[in-house]
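Enquirer: Line by line, the protein sequences give chains A and B. Quick note, the first sequence lines up with residues 1 to 113 if you use the working numbering. Quick note, the second sequence lines up with residues 1001 to 1111 if you use the working numbering.
The reader is advised that the hints may include incorrect statements.
Said to hold, decoys possible - A partial selection of chain A residues facing chain B, derived with a Cβ cut-off under 7 Å:
no. : residue
1   : Gly42
2   : Leu43
3   : Gly101
In case anyone wonders, no lab produced these hints; they're calculated from the structure. Where a beta carbon is used, it is the ideal one built from N, C-alpha and C, also for glycine.
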Amino acid sequence: KAGVTQTPRYLIKTRGQQVTLSCSPISGHRSVSWYQQTPGQGLQFLFEYFSETQRNKGNFPGRFSGRQFSNSRSEMNVSTLELGDSALYLCASGYDAGGDGYTFGSGTRLTVV
Amino acid sequence: DAKTTQPNSMESNEEEPVHLPCNHSTISGTDYIHWYRQLPSQGPEYVIHGLTSNVNNRMASLAIAEDRKSSTLILHRATLRDAAVYYCILRGGGSQGNLIFGKGTKLSVKP
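In isolation and in its complexed conformation, chain B is listed as follows (with noise of 0.2 Å):
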C-alpha cells in the first residue's frame, strides 16, 4: 500500500502558485521524499525529491515539515502544461528501487 495521503484533486487558475500537499506520517529515517507527475499519454516524470531539507529545482519546490511526516510541493507560476496527475512517493535511502504509487492528485490549471 502506498504510504502517503494526497487530496484527489486540486484547480488552479493559470500563473498563480500551487501548493500540493502530502501527508506520510509513518515516514521512516532513510525515506527519501519523491514527487513525479504525469501528464496525459506519457509515463511519469520525475519533478523533485527532496530528505530533510527544502529543495529547488527548475520544475518546482518542495517544502518539507520539521517532523518530515508531510511535505507540499510547490510550483511557483502554473501553467497549462502543469495539469498533470502528481505523486507523492516515499523511497527508501537503500536498495529500494521500486516506487509505490498511489493514487496522486489530480491537478487542473484553468486559463
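If we strip away everything but chain A, and leave its shape as in the complex, we get (with noise of 0.2 Å):
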C-alpha cells in the first residue's frame, strides 16, 4: 500500500515569508501528526490531527499551524519564517489509540535563507 507522502521534499524560502507543507496520510489512517527535527533539538512534536481536529499541539509558537481535511490530508503552515525554522519536517499517520504505531513520511526539508 502507498505510504505517508510529504510535499514538496526540499524547499527554500526567505526570512520573514511563509510556507505550506502537505501531508497525504496511509488510506485509512484519521490520525495525522507533525514533527520538526532539527541537530541541536532532536525530534519535537508540533501537533496532531483527528478528524479534521486538533487533539493535541506541541510547545511551538503560534506562526506554526496546521489543519486536517475531511479526507485526513494535512497541511501545516509557518507564517514570517525565521531562520531557527530550518529543519526536517516529518508528518505521520495512524489509526488512533497507544497500541498502533505511526508511519512517518520522509519529511521536507525546509531551508530558510
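Please assemble the complex out of the two chains, which come individually in their own frames, going by the hints.
Expert: Right under this line is the structure:
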C-alpha cells in the first residue's frame, strides 16, 4: 500500500515569508501528526489532528499552524519564517490509540535563508 | 521531556544479536512501549510495540521486564542496514497521539 506522502521534499524560503507543507496519510488513517527535526533539538512534536480536529499541540509558537481535511490529508503552515525554522518536517499517520504504530513520511527539508 | 533513558550509542558486529536497553521507571499502567528507528536521511520507522508481554515480529523482538520499568529491543542478527538511531518511546493508551522522542541510541554495525 502507498506510504505517507509529503510534498514538497525540499524547499528554500526567505526570512519573513510563509510556507505550507502537505501530508497525505495512508488510506484509512485518521490521525496525522507533525514533527520538527533539527540537529540541536532532535525530534519535537508540533501537533496532531484527528478527524479534522487538532487534538494535541506541542510547545511551538503560534506561527506554526495546521489543519486536516475531510479526506485526512493535512497541511501545516509556518508564517513569518525565521532562520531557526530550518529543519526537516515530518508527518506521521496512524489509526489511533496507544496500541498502534505510526507511519512516517520522508519529510520536507525546509531551508530558510 | 522524554520519559525513557537509553545509551547514547552501541556497536555491534554484523550477523550477531543486538540488545538495545531502555529504562522507563515512571511508566504508567496504560503506557505502551514503542520502538522506532531512523535510518540516515529518512523519517522514523516503526519497529515494534508492547504493553506487558514480550512481542515478536519480522523485524525484532521486544522483551519487557516484569515490573515494566525497563525493556530491551532485540535484533536477532544485525545487518549493515540496521545501523540507525533507535528510539524507545512511551505512548499513552488513550488518544495520546504524540510521540515524545528522546535522543535515542545510535547503533553502529561493523562488517
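Enquirer: Do the numbers back the hint for A/Gly101, that is, is its least Cβ distance to chain B under 7 Å?
Expert: holds (4 Å)
Enquirer: Is the shortest C-beta separation between A/Gly42 and chain B less than 7 Å?
Expert: Nearest chain B Cβ about 6 Å off; hint holds.
Enquirer: Answer holds if the nearest beta-carbon of chain B is closer than 7 Å to that of A/Leu43; otherwise answer violated.
Expert: It holds, given that the least Cβ distance between A/Leu43 and chain B is near 4 Å, below 7 Å.
Hint violations for this structure: none, all hints satisfied.
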